[in-house]
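Going down the list, the protein sequences come from chains H and W.
When you line the first sequence up against our numbering, it's residues 1 to 196, in that order.
When you line the second sequence up against our numbering, it's residues 197 to 392, in that order.
All clues stand as given, with none of them false.
Partial selection, computed: residues in chain H whose CB lies under 7 Å from chain W:
#  : residue
1  : T6
2  : L10
3  : L17
4  : P18
5  : H31
6  : L33
7  : G39
8  : L42
9  : L47
10 : A50
11 : V54
12 : E65
13 : A66
14 : C69
15 : A89
16 : M108
Non-contacting residues of chain W with respect to chain H, defined by C-beta distances greater than 12 Å in every case (computed):
#  : residue
17 : K297
18 : V320
19 : S328
20 : T342
21 : A343
22 : A347
23 : G353
24 : G360
25 : S374
26 : A385
Here are the in silico distance ranges between beta carbons for each label pair:
#  : chain 1 : residue 1 : chain 2 : residue 2 : range
27 : H       : D36       : W       : R391      : 31 to 37 Å
28 : H       : A66       : W       : E234      : 21 to 27 Å
29 : W       : I313      : H       : P119      : 51 to 57 Å
Simulated from the structure, these hints should not be mistaken for lab results.
Every residue gets a Cβ at the ideal spot worked out from N, C-alpha and C, and that includes glycine.
Number of protein chains: 2
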Amino acid sequence: MSDTHTLDTLIQSLRRLPGVGVRSAQRMAFHLLQHDREGAQLLSRALQDAVAQVRHCTLCHTFTEAEVCATCSDPRRDATKLCVVETPADQAALERTAAFKGRYFVLMGKLSPLDGIGPRDIGVAKLIERASDGVVQEVILATNFTAEGEATAHVIGQALKSRGFTVTRLARGVPAGSELEYVDLGTIAHALVDRR
Amino acid sequence: MSDTHTLDTLIQSLRRLPGVGVRSAQRMAFHLLQHDREGAQLLSRALQDAVAQVRHCTLCHTFTEAEVCATCSDPRRDATKLCVVETPADQAALERTAAFKGRYFVLMGKLSPLDGIGPRDIGVAKLIERASDGVVQEVILATNFTAEGEATAHVIGQALKSRGFTVTRLARGVPAGSELEYVDLGTIAHALVDRR
Ligand SMILES: [Zn+2]
Ligand SMILES: [Zn+2]
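Pulled out of the complex, with its shape left as it was, chain H reads as follows:
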C-alpha cells in the first residue's frame, strides 16, 4: 500500500499502545477511518490535550492538571496517614471502598529489577521527603500483592523504618498473587481494617 503512507503511519503509531499488535492496529485504523472518523478526531485532540495539560501532583505524584491534586488539597482528608500505592488505578480501587480517609503517595510504578526499574525510578527519596512533613504519623503500604509489589513494599518499608517511621502493610486478606484493581471492595476494606 505505497499510496497509503498516512494509513501506514497511523497503524505504526497505534502499535505504541500497550497490548496492541499489528493485526489489532490494522483493525483499529480501518475501523476509525471506515466507521468513526469523529472518534479518530476526538482521540487525536484528547491525546494532544492530555500531553499538554496532565502533569504530576507535586505532593503525591499522581496525574493531575493542577500543581497539587484534589485529594492532596482536600482539608477533610486525614493528613496523618499516608497510603502508598503503585498506580492511580490502585488508588481509585481503594477510594471505592470508602474505608480510607487519609492521603496518598502514588509510586507510578513498582520495583522491577529485570526491567531496570530501581528505587530511584519509583521515587523512594521523594516519598521519604513527603512522609517527613512532620504531620504524617503512619505510612500504609498498599502496593499489589504480587512478587514485584511485595518487593516494592519490602524495600520502601525498610527505608522508612530505618528512618523511624511507623509503617504498616495492608492485611493479607487480599488474595496473594492478585492485583488490587481487580479485587472486590469488601476484601480491600477488610484488609485496610486489619492492616499490620
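Since the structure of chain H is already known, use the hints to place chain W with the ligands on it.
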C-alpha cells in the same frame, strides 16, 4: 479524579477503539502519559493526518491518498479479472500469495442483516457499475468463508449473474469458518487456482 478532566477524556476517547474496554483504556492512557508522551503525540498527529488525507479509491473503494489507488492505476495488472474482497487486509493477504495479477474491488464490509448492513451499504451497485466497464470479463468472489462472507458472496453473485457476468468463487480449499487474513499463503494460492 475531578482534577483530571483531560485524562478522563483521553480514557473515554481510547474506548472508541474496537476491542478496548475501560481497563485497557486506562492502561493505555497511563502508559502513554507516564512512559511514552512522544508516542502519544505521534499517534495524535497520525490520526489527524489520516482523517485529513485517507479517502476511498474511486475505482476499487479501498483506502488511498490518491483519486485512484496504486493497484488500480498499475497498467501491468490484468484488467479483465476483478477480485471482490471484504477488507484491505484480505486484499493484502491475496497479494502476498502473488497468485493473482488482476484488479480488486474492496467492499469495506460484508452483509450483516443483524447489524443492519445490507447490499447498499457494501456498495453492490458500485461494484456492478465497476464490472460494467467493458473490460472486466470475470468477477472472482473472495469474501471470507464465514457465514456472513458466504451470504455476501451469494447475494453479490446472484446480482452479477443476473446481469450476465461471469462469476467465480475461491475454491473451498480455504477451510470453512476461517478468515482469509489468517489463512496460510499456500491454501489461498491453491484456492485461487481452483476457483469455480
Ligand atoms: Zn496529590
Ligand atoms: Zn483502487
